[in-house]
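Protein chains: 2
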Amino acid sequence: MSFELKQTKGRARSGTLRTAHGDIETPFFMPIATKGAVKTLSSTDMKDLGAQILLSNTYHLMLRPGLDDMMGLGGLHKLMGWDGPLLTDSGGYQVFSLSKMNKTTEDGVKFQSHIDGSHVELTPEISMQMQAAIGSDIIMQFDDVAAGDSTRERYQEAMERSLRWAQRSKKAFDSSEGRQLFGIVQGGTHEDLREQSAKGLIDIGFDGYAIGGLSVGESREDAYRIVGVLTDQLPEDKPRYFMGGGMPEEIVTYVSMGVDMFDCVLPTRNARHGTLFVWTGEDINPDGSFYKILRITNEQFALDQGPIDAHCDCHTCKTTSRAYLRHLFRTGEILAFRLATIHNLHFYLTLMSRLRKQIVLK
Amino acid sequence: MSFELKQTKGRARSGTLRTAHGDIETPFFMPIATKGAVKTLSSTDMKDLGAQILLSNTYHLMLRPGLDDMMGLGGLHKLMGWDGPLLTDSGGYQVFSLSKMNKTTEDGVKFQSHIDGSHVELTPEISMQMQAAIGSDIIMQFDDVAAGDSTRERYQEAMERSLRWAQRSKKAFDSSEGRQLFGIVQGGTHEDLREQSAKGLIDIGFDGYAIGGLSVGESREDAYRIVGVLTDQLPEDKPRYFMGGGMPEEIVTYVSMGVDMFDCVLPTRNARHGTLFVWTGEDINPDGSFYKILRITNEQFALDQGPIDAHCDCHTCKTTSRAYLRHLFRTGEILAFRLATIHNLHFYLTLMSRLRKQIVLK
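Residue numbers (the working numbering), protein chains in the order written: chain A, 1 to 362; chain B, 1 to 362.
Treat the hints as calculated values from the structure; they're not laboratory data.
Any given hint could be a false lead.
Just so you know, same-sequence chains aren't split out, so a pair can sit in one copy or run between any two.
Result set (DSS-like, lysine-lysine): computed pairs, CA atoms no more than 30 Å apart in a straight line [as the list claims (entries may be wrong)]: (1) Lys78 - Lys292; (2) Lys318 - Lys357; (3) Lys170 - Lys292; (4) Lys78 - Lys47; (5) Lys357 - Lys110; (6) Lys171 - Lys357; (7) Lys171 - Lys292.
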């Protein structure tokens, strides 16, 4: 088994996910290296930050450098100088969210590149081929993603098609080199569709199960409800991955429900807008009182020579005052993005390690 | 004496420039931290790169954070977390090159901020006050800079005014905390004006002498000729600073003429455009055969897994292939700017340390 459950506390779990590029302690957070780099940071930086695994986007890497060059380069680990685990999404979500024109058929999706408008095709088989070329350790099935405000009929169609594409993904999946394949549960906020999706995926059988199609505009209550239903239904002995969530208190909540894996653009994207997560000193809990948001560009920090976060020991907090970081943002210095990104990622990664400790210390 | 000459080889010199924030081995190169940060890099990065001193721009810091905040912050060393020496220019050149509207009178310059169009005034006295607030170790006189294509009359006017402003700068200069004040030789490419400027400055007496008003479009031969004339005339026992030059072979040439200090935007600006300096393995000499230019965005590097520069041991060359750096530039990743800047600065700083060794090893 590649997933070993070690401790539980209520429904929360802690364990180890083994990959060909190393073990990962769960629950964990994956910084997003969309195009082969976590924005502003290097692979060395990610190692220094203690990131256990990175997530890259198949859609972006398929456009640049493309399948042929990725094969010629020997995969993304080698290209970006990252020897830890990598997970890749399948491209389905990006086609839906980034491409101006796309047309979905039973075969797959045809779309126009958001970069140069060229016509590209993505199918379960092509997605598996591209993710294998990337050399991803955890490969996601190709799925059909319904928009957040879709009708029940569209959710049902997308969920059922995603099941058929799950089957095709598994058939096309090359499990050599210790690669793992995850299925993705769809079905919007409809519990019955979600349960049908989960059951269908479990019947096919995957190395792990992701909850997709949330964090797309639904209410937080709806998301919590769906995740609660699914973590009851998904197999105990397989890792569970919540795709594309969330604020710190959402991650805490999902961990308490038994989710093991997370990714999110919030720490990195917010960082680039000067929006920083700082600890309050309170214990970690689902009400979010353990952190607050600091907008570093505010005038009040002009002469503040204190660290961004007195509770943090990241590189930024050890070297940079609030006044300096504000000055860097205000004067448009790229360094600001880097320093803020380091802090916010350190916050999310520390949140996960604190959550792991809470589960182990009953 | 703050400047100690240790070795000469022909007209080239090596020595030590002592400042309140540490000694600097000459000849040296100053990376440019225009607004209090070398673009894309932190003060920690600059220390890791072995930069001995940084240069900041009074004009930019006067606009943001401004005089009052800079005083409130206790100076730039504290703000940017840099405990090494700092040199600041006087603002004269930036007013001339960046401000849309400026009006020079005998009193000083009135100009519109290039950021918000507000009206600002810079005089020798205000420049001295701002540079003292910054806490600069080496302060430049306020000067009148003539455009590169000016008439002899304009060069003469600017040079003579710069001499009067040199006198006023010296009078307003606060020499506490070990600060040093440098005069700036002007006069375009007219040898007699340059000699008159140098003589006038020497009569006033400064801690060092800068050659200003070159690298503004004149021919390389004219610049070499003027520098050759001036290094004959400037005092042996004071440091000589060539402002705003040049390509590697120009720096080699100026060092061979007896110049001690350099700054230049080329390594950092070129880096951000993917233009990298790489060693050829040839000995350092004024014909420039010791380096070549590598445009990393070229198609030829798409699958090149070798380092940027096989002769270089910078962080970038140790961690990043040509293929990866090209991919990062091509996909617009900010990390590309950082990695390229580290390499180019390492090249310039290594060039200086190799030049120092050449002078010491006769």
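Please list, smallest to largest, the hint numbers that this structure does not respect. 3, 5, 6, 7
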